[in-house]
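**Student:** I would like the entire structure built from these sequences, with the hints used as guidance.
Residue numbers (this note's numbering), protein chains in the order written: chain U, 67 to 422; chain W, 8 to 334.
Among these hints, one or two may not hold up.
Unchecked claim - Subject to a maximum C-alpha distance of 25 Å in a straight line, what follows is the list of computed DSS-like cross-link-like pairs (lysine-lysine): (1) Lys122/U - Lys141/U; (2) Lys88/U - Lys37/W; (3) Lys53/W - Lys37/W; (4) Lys84/U - Lys247/W; (5) Lys113/W - Lys322/W; (6) Lys265/U - Lys295/U; (7) Lys269/U - Lys236/U; (8) Lys191/U - Lys295/U; (9) Lys156/W - Lys247/W; (10) Lys53/W - Lys269/U; (11) Lys156/W - Lys79/U; (12) Lys79/U - Lys159/U; (13) Lys82/U - Lys247/W; (14) Lys113/W - Lys240/W; (15) Lys159/U - Lys141/U; (16) Lys265/U - Lys322/W; (17) Lys156/W - Lys53/W; (18) Lys191/U - Lys40/W; (19) Lys141/U - Lys191/U; (20) Lys191/U - Lys269/U; (21) Lys53/W - Lys191/U; (22) Lys191/U - Lys240/W; (23) Lys40/W - Lys53/W; (24) Lys53/W - Lys88/U; (25) Lys265/U - Lys53/W; (26) Lys37/W - Lys156/W; (27) Lys38/W - Lys53/W.
As the list claims (entries may be wrong) - To spell it out: a stretch of chain W is covered by chain U in this simulated footprint if at least three of its residues, at any positions, have a beta carbon under 8 Å from a beta carbon of chain U; those stretches are: (28) 30-37; (29) 148-154; (30) 159-172; (31) 254-263.
Hints listed in this document are in silico derivations from the structure and should not be mistaken for laboratory results.
Yeah, the Cβ is synthetic: ideal placement off N, Cα and C, and Gly gets one too.
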Amino acid sequence: MARMTTASEYALKRSKRKQFFKNYGMVLLFLGPFLFFFGLFCIFPLFYGIVMSLMKYSISDPTQNAWRGLANFWKILADSNSVYNSDFWYSMKNTVLFALILVPLAVIVPLIAAILVNSEPRGYKIFRALIYFPAILPVSASGVIFIALFGTNFGYVNQWIGETVAWLDKTTSAWFVIILLCLWGGWGGNFIILSAGLKNVDKSLYEAASVDGCSRWRRAFAVTLPAIKPQLIVCLFTTIIGYFGLYGQVYVLTNGGPANPDRIPGSTATIMWYLQSLMNSDQYDVYGMVSAMGLTLGFIIGCITGLQLFLTRERKSGTKLAKEFAAYRKDKERETLIGTEPAEAGSAEEGGGGGA
Amino acid sequence: MNKILLAAIIVIVTVCVSMVVLDFVVVGLKKRKALGEGRLARYLSKNLFRLNAFVFLLLFCIIWLVPIVIGVIGSFTSQYTFENHPGQLIPSDGFTFDNYIALFSKYDTDGTRFPVERWILNSFIVSTVSTVLYLTIAGFAAYAFVFMKFRGRNLVFYILIFTMVIPGIATMTAQLANIANLGISRSLLALILPSLGGVGGLYLIRQFFLGIPQDLIESARIDGSSNFRIFIKIVLPLAKSVFLVQGLFCFMGAWNDLLWPQVILGTADKSLWTLQVGIAYIASSKTANSIGINLASAIVSAVPILILYIFTQNKIIEGVAATGVKG
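**Tutor:** As structure tokens, this is what we get:
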């Protein structure tokens, strides 16, 4: 049904459309660049990686590319004859063992340091800055310093203890040095997060506990630990995820060595080192396989992250009601205090932070 | 040199033991209500834990800084000392700049000189350009997410947040192929551009923007200001601190990154490397006769970060504490 459009209707429609384009053009202008890079370097590689993992993929010679279906994943996960399978799980085993040793250390030691700093002794800000300091150094720099410390012939440590220990050439001692480096350069972040958490523990809880006659230990376990649980969980999981990606320390200190006679990854090779060595090797046709490995690893890490998000999710019921009540009270107060300053603005920000 | 270690251990153990003894004495006296009324006694009964914390933190920090001190000293120690008096803390032939001079004229096994100054330049270009670009792009995007109304705003944002679960490792191979397809795999753009799609910084900036009162923006809009004007005149000055913190994270992240530059440029021409890749390469040759040079290269790569940290350590620490992001 064709209907006559009056001039005013047309004008209204046109101006609406103009308004629409003006609005969304602005949004696109502001958001566009980010979405462009996000799509090109985050979303596209993900789907491209999934496609690659289903192929034999060569970056030097595209004519070799061939569809393989799930064969790559089958090789990694189940085919025990494949060298990729054994090497992948060997490096994976190294990584997980390493994480098992290091993660408890990298949470408990910072916790102790944070408790000490949190009692605010003289000059605690300087201590805090010094303890965090190695965490900002580039891995290659701190790695080089540790090589100088633990070198066999001219290393400082060997001179101090008066022996010639080949620290970096034996598996156990090499792991020991790597763990030392990870501790030295790695737990600053945990330390800061935990001490921020300790700072925000409600002091009245301690008073209540001591009125009730709690011992110091009981207070630590019944008040402090539950109060900093969110920070503990964040630290725990970021540390686990971080050590799954352990690469720089191994690369600089041992480059995966000491070598194994029967396989490519040496006895300190982590999974990231293995993937990197495959990518930088002269074989240009393993990219499908590496992509499948990356996705497998990413899936495992994604599961860990998911678990973390699940554990730290907001308990909806209680918080929601409390928030609604707070909003209600704020409104009430505003009604009674018309003319005075509006409600404080910064409160929308998360309360966990240290504030500016 | 054995003596130094022994002396250090003895001092540390003595201090620890005497601290513990002091604790027991004070606690015991307190229990029997036998602690005097003097100033010292009052101080001890009130501040025992703080005193303990101070002493242990002091010891801890001294041990903690040993590698740094060794690194700095070693970089000024001559090759002669390393070979003839290894482990000497104060070299018998004095401190020298030789290692730094040698670092800038060091030759690879194939006879080409290591272009160290080129690596430094590359690192600076990559870190600075990616920081500035990221702050601009993410700042505008965060503004759109907080202060502009459009359909699907929350949906788009939730999709962005969800992708944070996917670790970079999963997509690294495809990223490499992607970069190769774009034809930038042999240039510094390969290090700069991928970092511009990161969601973490956007999230941090948006979180901060949420604290800016909407009324402020609305009233500016009613006064006829365009979005650009509002962004530059109102939002930017208010959000200076978050831009500073995020900028520091970006810069340090880019400067310190080893894995991605190694993967993408490790097999490329040496003049394209960043400083970290170069240092790791020099160090991985692990020849005993270059300890001093290795340490000099480590110090060179750490100095910019060190300067940044000295001037902004409060901001960095607050930023880490507030966001849970590890620097």
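**Student:** The structure should be examined with respect to each hint, and the outcome stated for every one.
**Tutor:** For each hint, the structure was consulted:
no.	hint	result
1	Lys122/U - Lys141/U	holds, 12 Å
2	Lys88/U - Lys37/W	violated, 76 Å
3	Lys53/W - Lys37/W	holds, 11 Å
4	Lys84/U - Lys247/W	violated, 34 Å
5	Lys113/W - Lys322/W	violated, 38 Å
6	Lys265/U - Lys295/U	holds, 13 Å
7	Lys269/U - Lys236/U	violated, 50 Å
8	Lys191/U - Lys295/U	holds, 24 Å
9	Lys156/W - Lys247/W	holds, 24 Å
10	Lys53/W - Lys269/U	holds, 17 Å
11	Lys156/W - Lys79/U	holds, 21 Å
12	Lys79/U - Lys159/U	violated, 66 Å
13	Lys82/U - Lys247/W	violated, 36 Å
14	Lys113/W - Lys240/W	violated, 50 Å
15	Lys159/U - Lys141/U	holds, 17 Å
16	Lys265/U - Lys322/W	holds, 17 Å
17	Lys156/W - Lys53/W	violated, 56 Å
18	Lys191/U - Lys40/W	violated, 34 Å
19	Lys141/U - Lys191/U	violated, 53 Å
20	Lys191/U - Lys269/U	holds, 20 Å
21	Lys53/W - Lys191/U	holds, 21 Å
22	Lys191/U - Lys240/W	violated, 35 Å
23	Lys40/W - Lys53/W	holds, 14 Å
24	Lys53/W - Lys88/U	violated, 66 Å
25	Lys265/U - Lys53/W	holds, 20 Å
26	Lys37/W - Lys156/W	violated, 65 Å
27	Lys38/W - Lys53/W	holds, 14 Å
28	30-37	violated (count 0)
29	148-154	holds (count 4)
30	159-172	holds (count 4)
31	254-263	holds (count 3)
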